[in-house]
Amino acid sequence: MNNDTKMNNFITEIIENDIANNDNNYKISTRFPPEPNGFLHIGHAKSIFLNYGLAKQYNGKCNLRFDDTNPVKENIDYINSIISDVKWLLGDKNIGEILYASDYFEQMHCYALDLIKKGYAYVDDQTSEQIKKNRGDYNIIGTNSPFRERTIDENLKLFEDMRKGLYEDGEKVLRAKISMSSKNLNLRDPIMYRILKVNHHRTGNKWPIYPMYDWAHGLEDSIEGITHSICTLEFEDHRPIYDWFLEKLDIYHPQQIEFAKLDMTYTIFSKRNLLKLVEKQLVNGWDDPRMPTISGLRRRGYTPESIKNFIMSLGFAKSKTVSDLNHLEHFLRENLNLIAYRVMAVINPIKLIIENYPDDKVEYMEVENNPEDKTFGSRKIAFSKELYIEREDFSENPPKKFFRLAVGNEVRLRNGYYVVCNDFKKDSLGNITEVRCSYDPETKGGWSNDGRKVRGTIHWVSCKHSLNAEVRIYDKLFDKENPLKTLKDDDDFTFNISPSSINTIEDAKVESFLINAEINQKFQFLRKGYFVLDSDSTSKKLIFNQSVALRSSWNK
RNA sequence: UGGGGGAUCGUUCAAUGGUAGGACACAUGGUUUUGGUCCAUGGGAUCGGGGUUCGACUCCCUGUCCCCCAGCCA
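Plus 1006 on top of the position in the first sequence (first one is 1) and you've got our numbering.
Read the hints as simulated data drawn from the structure, not as lab findings. One or more of the hints may lead you astray.
As a list, the in silico BS3-like pairs of lysine-lysine whose alpha-carbon atoms are at most 30 Å apart [claimed, not checked]:
1. K1079 / K1491
2. K1062 / K1212
3. K1093 / K1357
4. K1406 / K1386
5. K1367 / K1431
6. K1534 / K1357
7. K1277 / K1357
8. K1391 / K1431
9. K1528 / K1491
10. K1062 / K1286
11. K1139 / K1099
12. K1391 / K1093
13. K1326 / K1189
14. K1324 / K1286
15. K1357 / K1282
16. K1367 / K1432
Now the in silico label distances, taken between C-beta atoms and shown as ranges [to be verified]:
17. S1134 / K1033: 38 to 44 Å
18. L1331 / P1152: 18 to 24 Å
19. K1486 / T1157: 29 to 35 Å
Idealized CB from N, CA, C, for every residue including glycine.
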């Protein structure tokens, strides 16, 4: 990864303070704690680069910890995808220890026993409806559960019976005894354990009870010796619980710090909704190149560097923000500009015939692979009488400042020759089928020393020497800046999917050099955009995804 | 009508009582064998009202707006 610029934000301020107020052995420790219930998206990348970045900046460590406390929604496939995504973003060696909350279930259970013994937790027999009702709301304080004053011995016995599997789902819960009249609803005797007789992807059938997030998270942090437990803003209301458990247990107490998560225009981030897109097959899986998932972005042609640079440019703060999609695309272009081979590809071809070029002649023109970096070297490309050019590079009635081909206009065929357009042909429907030109033999390579001014330069491929390719052009998945806004019910957002979010062109023509392209290799199709060879490609069929179009100051 | 947070160029992040600055976006010009890249220039903001101060984005008072919270999800 490229040079790391130092972060400077409200969190680094806290950390630097802590370092200053501790002894020389003090090392910070952070963690990235995903729940394995879906694929990672670019919002998670913000958390990843923050937590791992902080650890690196202050010489501490960062763990990847799976918060796998709800087996109903979690599975091993998600774990594997998350590990591979984090590795891709950070590099294999930089992901730290891989840990699982489920490894601490025994320890957590001991802590629960301890809390019961201290009189701070009780087993509640109320139904979930009763618990909900008795919790009250913003304006009405809660009422105590009739089971709140059970004796410690009774609670111990009941809780052990819960653990033994003597009760069915929903029959009992273990709750913390905090206060049913707290203004913070989270503190109204939060549930610590619920009965869930389901198989866990790591602990199997060992546990019929599973800890709730609020109970588990602080314990996980404490057990791992996390110094700074960074989470998103919606957990601010939960910090008092986090602190309460750790204080009552009297164990190592990390500090929770909240920051604003990433939000972006024209897309959605909630895993629930992303899952819906996948399940309804509105996209082609979690790694559909239109998805904001890490795997989707990877397939789209994004690089880890571009994502990191984007995230870092945003910074970290507490104010809720929505980032602009083209901010992300800027960093992709910036990175790809440096690393992508320039090649010629005609996405929407029409024939160009050079009338005065010998019928069977073929010349091999020298072409630079990347003008930004001479070490990329050069290659040869075949030039002949019949070429394909981009349909939009010819105009029957050229608008003002149209520098491309039109009858009487001279343009440069890049790395080829100067050509003047003589004529064109149309079919019965009025579509242009063929453009006819003459070339100037003195302009080989696309240059003449006579000072002639040629404003337009267009790309081309030789008909005989080009390859067919499928090209997938993507646009925003949704055509609304905020696809979830002003919806009446939860399902409606899928109606906002943009019909033009994918446009597949079956018969693009690309230069033969691309026969050796590798899956995931990045290219710039000259004058068009950045493209990546898709994993659907076979030796018989090349398939390219457009990662992002080139910027253009030419607006028709 | 409770509790918890947040308001700075169009967007995002700085400035921690001392010239409101950067990046993206936008506009204009230059370079260019990509209408790309690169370079230069420009417009553009402290939520409102009071107060403290030589001096306020920053401190105080007051008002307004936005976000989150009533899962046996995380």
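Checked hints:
1. Of the supplied pair hints, the one linking K1079 and K1491 holds, its CA atoms being roughly 26 Å apart against a limit of 30 Å.
2. For the hint linking K1062 to K1212, the alpha-carbon distance of about 37 Å lies beyond 30 Å, and the restraint is violated.
3. Restraint check: the Cα-Cα separation between K1093 and K1357 comes to about 46 Å, which exceeds 30 Å; the hinted pair is violated.
4. Proposed proximity of K1406 and K1386 is contradicted: the alpha carbons are some 35 Å apart, above 30 Å.
5. Straight-line distance between C-alpha atoms of K1367 and K1431 comes to about 24 Å, which keeps the hinted pair within the 30 Å bound.
6. Of the supplied pair hints, the one linking K1534 and K1357 holds, its CA atoms being roughly 18 Å apart against a limit of 30 Å.
7. The hinted pair formed by K1277 and K1357 fails the criterion: a straight-line CA distance of about 47 Å is larger than 30 Å.
8. Among the hinted pairs, K1391 with K1431 is consistent with the structure: their alpha-carbon atoms are about 17 Å apart, no more than 30 Å.
9. Taken as a hint, the K1528 and K1491 pair is broken in the structure, with Cα atoms around 35 Å apart against an allowance of 30 Å.
10. A hinted pair counts as satisfied when its Cα atoms are at most 30 Å apart, and K1062 with K1286 does not qualify at roughly 41 Å.
11. The straight-line distance between the Cα atoms of K1139 and K1099 is roughly 50 Å, outside the 30 Å bound, and the hint therefore fails.
12. In summary, the hint linking K1391 to K1093 is not supported, as the alpha carbons are separated by about 49 Å, beyond the 30 Å threshold.
13. This hinted pair checks out: K1326 and K1189 have alpha carbons roughly 24 Å apart, not beyond 30 Å.
14. Simply put, K1324 and K1286 have alpha-carbon atoms about 35 Å apart, too far for the 30 Å limit, and the pair is violated.
15. About 44 Å separates the Cα atoms of K1357 and K1282, which puts this hinted pair outside 30 Å; it is violated.
16. Annotation: proposed proximity of K1367 to K1432 holds, straight-line Cα distance about 27 Å (limit 30 Å).
17. A C-beta distance of roughly 43 Å is found between S1134 and K1033, which places it inside the suggested range of 38 to 44 Å.
18. A beta carbon spacing of about 54 Å between L1331 and P1152 contradicts the range 18 to 24 Å that was offered as a hint.
19. Look at K1486 against T1157: about 57 Å separates their beta carbons, and that is not inside 29 to 35 Å.
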